[in-house]
Amino acid sequence: MSVDKLKDAVKQILNEVDIVIGYTEGFDKVHATPLFINTQDKVDQLIWDQRCVHNLASYLPSLKRKKVGVIVKGCDSRTIVQYIQEGLINRENVKIIGLPCSGVISLKKLLKAVDFANIDDITFEDNGNVNVKTEKETKTLSLMDIAPDKCKTCQYPTPLIYDILIGDPIKSDKPKESVYEDIIEFDKKSLEEKLAYWQKVFDRCIRCYACRNACPMCVCQDSCIAESREPHWISQRATLTEKFMFHLIHTVHLAGRCVECGECERACPMGIPVNTLKRKINLEMKELFDYVPGVNPDDKPPMYTFNVDELKIKEHKIG
Amino acid sequence: MSGLENKEMKIVGFLCNWCSYGGADTAGVSRFKQPTDLRIIRVPCSGRVNPLFVVKALLNGADGVLVSGCHPRDCHYSDGNFYARRRLEMLKRLLPFLGIDHRRFHYTWVSASEGARWQQVVKDFTEVIHKLGPLNLTREA
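As they're listed, the protein sequences go chains A and B.
Each step along the first sequence adds one to the number in the numbering used here, with nothing skipped, and position 277 is 1347.
Each step along the second sequence adds one to the number in the numbering used here, with nothing skipped, and position 70 is 122.
These are calculated hints, taken from the structure and not from any lab test.
Wrong hints could be hidden among the right ones.
The calculated DSS-like cross-link candidates involving lysine-lysine, where the alpha carbons are at most 27 Å apart (straight line), are [said to hold, decoys possible]: (1) B:K175 with A:K1258; (2) A:K1384 with B:K144; (3) A:K1246 with B:K144; (4) A:K1075 with A:K1112; (5) B:K183 with A:K1356; (6) B:K62 with A:K1264; (7) B:K175 with A:K1387; (8) A:K1270 with B:K144; (9) B:K108 with A:K1259; (10) B:K62 with A:K1244; (11) A:K1370 with A:K1258; (12) A:K1112 with B:K175; (13) A:K1384 with B:K59; (14) A:K1258 with B:K144; (15) B:K183 with B:K144; (16) A:K1384 with B:K108; (17) B:K62 with A:K1270.
One side only, chain A facing chain B, incomplete, derived with CB under 7 Å [said to hold, decoys possible]: (18) D1257; (19) L1265; (20) M1315; (21) V1322; (22) A1325; (23) I1383; (24) I1388.
Cβ atoms here follow ideal geometry from the backbone N, Cα and C, with glycine treated the same way.
Based on the sequences and whatever the hints tell you, model everything.
Rendered as structure tokens:
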């Protein structure tokens, strides 16, 4: 991963666009933060390594009228493809710099691995080792042990759509079947077990709506029905019913649209597996309509269209 | 009076104005006896039915939800029920993952002339819900 090549590319396209979105050092060694580059001198602040976890494509719909350059990993590029499918961005206004990626870190997992000690320094080796220096010790971890779950089954390490690709394309070495293994496994449990599980995890929800705010496909912005009073879908009461309803609103609104970038789970302060329900629907969409969100710009999201004769939907009998 | 012996349960029915609501009316005019657990909400089209209506009903005390529209190809607005079919099928497949029995939610097509069929649907669905018993998703009173 050469950050110099990236800087050169950004410098070049900065002449054609209003702004380029990339990553820079955050407030400490383990955090990266989004960087908005509008002048040449800001380019040198760019970084690119395993700390670059954010899905920068999320900014694109709100910048629809501007010419924007954006740096994306493989998973983030699916967001752009989905935006194109839904007409949320103008492709000709976006310059995409693609970066093949072999995994990022999950801050939650990293902190757990070092027993929540303060981290003074972190370095990454090409062989997948991560050296962490904390106040107590120096530890070498394997990147895959502290990577988010999405990286462990990543099918698209190389961006699916880009104008400039920095570095060599990477092929996924993870089996296709592994992507939804956990979903299929969970579905085998009894109804009582499953309900008890969701009651337990949703009860933790504090309704901060961080998952919704971080979600690149939650594009209703200020018209979100979770906050509207007319109609009043959910009240302010802190009950399980309301929490359950909020998560189902998020799930159903993302039916067949979720690109599984995992930003919802990364943003969740309560460690709720927010992405699981959406992935379950994606699994069904794959089976029903052979549709995978964010892969082909020419596809149409399944809930936006129909077939007069649905091949896979059979009429149900009562009971 | 519940058509069944035991306590009446709460079943919500979303019926499209043009076919199923007419079908229910036909059943009524023809004096076909039906259990009374079903509460009917008339909607302009089955395409108006947001899957979240069903979720909201189940979370807030309904024991079962029935959605009924015009037969495919017979929609008053030509394609409303085609969209409904995809959305409702999605929901039907999601519910068991949440731990809700998929039998508590049923969607079907009944035309305005099918009074007898409507009676059968209501009878069968009510029977299933009575067999499944009350639903209390969030352990709240």
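field: Violated hints - listed by number, lowest first
entry: 1, 5, 10, 11, 12, 13
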